[in-house]
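S.K.: Sequence:
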Amino acid sequence: MARGTTRTPHGLDERLPLTRFVLDGRLPLDNNAAERQQRPIALGRKNWLFVASEDGGTWAADLLTVFQTCRLQHLDAIEYLTRTMPALIAGDVDPMTITPMAYAQTSRAG
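Heads up, the sequence shown is in our numbering, so the first residue is -4 and it goes up one at a time.
Honestly, the hints are just simulated from the structure, not real lab data. Keep in mind that this is a model prediction, so the values were computed, not measured. All residues carry an ideal CB built from backbone N, CA and C; glycine is no exception. Incorrect hints may have been included.
Pair ranges (Cβ atoms, derived) [unchecked claim]:
#1 GLU74 to LEU24: 33 to 43 angstroms
#2 GLU74 to GLN32: 15 to 25 angstroms
#3 PRO81 to THR14: 45 to 55 angstroms
#4 ARG34 to ASP71: 14 to 24 angstroms
#5 ALA29 to MET91: 16 to 26 angstroms
#6 PRO12 to GLN63: 46 to 56 angstroms
#7 LEU24 to THR77: 33 to 43 angstroms
#8 PRO90 to ARG31: 25 to 35 angstroms
#9 LEU11 to GLY51: 40 to 50 angstroms
#10 ALA28 to GLN100: 14 to 24 angstroms
#11 LEU11 to LEU59: 15 to 25 angstroms
#12 LEU22 to GLU49: 31 to 41 angstroms
My request is simple: use the sequences and hints to build the entire structure.
M.R.: Here you go:
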């Protein structure tokens, strides 16, 4: 180490992010909520090992993302898709206005 330079001991520069929950009581101590959200996908991974093609895998990942987002917004995913897909396919609507979050806000407002 060069004379006159300072160096943070290994690990100390990572201490603040790792202890941020102590400073903000709103932050959870663990990541259980995120783990629970991923559990259905992890359990199904063995069953979904083969999805026919790379495009099929991308399609499945997109669909699972929509289903999980609907779940987080307390929406019935099938009802959401039934109501939004016709307009989306026809190109009559901006996709950003019918995301599950936007759809939930609109549904609850009116």
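S.K.: Given the hint of 46 to 56 angstroms, is the C-beta distance from PRO12 to GLN63 inside that range or not?
M.R.: violated, 26 angstroms
S.K.: Okay, LEU22 versus GLU49 on CB: inside 31 to 41 angstroms?
M.R.: holds, 38 angstroms
S.K.: Do the beta carbons of LEU24 and THR77 sit within 33 to 43 angstroms of each other?
M.R.: Given range 33 to 43 angstroms: holds, Cβ gap about 40 angstroms.
S.K.: Check the following: the C-beta atoms of ARG34 and ASP71 are separated by a distance inside 14 to 24 angstroms.
M.R.: For ARG34 and ASP71 the Cβ distance comes to about 20 angstroms; the hint holds.
S.K.: Please test the hint of 14 to 24 angstroms on the beta carbon pair from ALA28 and GLN100.
M.R.: The hinted range 14 to 24 angstroms holds for ALA28 and GLN100, with Cβ atoms some 21 angstroms apart.
S.K.: Assuming the hint says 15 to 25 angstroms, is it satisfied by the Cβ distance from GLU74 to GLN32 or not?
M.R.: The hint (15 to 25 angstroms, Cβ to Cβ) holds, given that GLU74 and GLN32 are roughly 20 angstroms apart.
S.K.: Taking the Cβ atom of LEU11 and the Cβ atom of LEU59, is their distance within the range 15 to 25 angstroms?
M.R.: violated, 34 angstroms
S.K.: LEU11 and GLY51, beta-carbon distance inside 40 to 50 angstroms?
M.R.: With Cβ atoms ~43 angstroms apart, the hint holds.
S.K.: Verify the CB-CB distance for GLU74 and LEU24 against the hinted window 33 to 43 angstroms.
M.R.: holds, 36 angstroms
S.K.: Falls inside 16 to 26 angstroms, the C-beta gap from ALA29 to MET91?
M.R.: For ALA29 and MET91 the Cβ distance comes to about 25 angstroms; the hint holds.
S.K.: Has the hinted range 45 to 55 angstroms been met by the Cβ atoms of PRO81 and THR14?
M.R.: holds, 50 angstroms
S.K.: Take the C-beta atom of PRO90 and the C-beta atom of ARG31, compute their distance, and say whether it sits inside 25 to 35 angstroms.
M.R.: holds, 28 angstroms
Violated hints for the displayed structure, listed by number in ascending order: 6 and 11.
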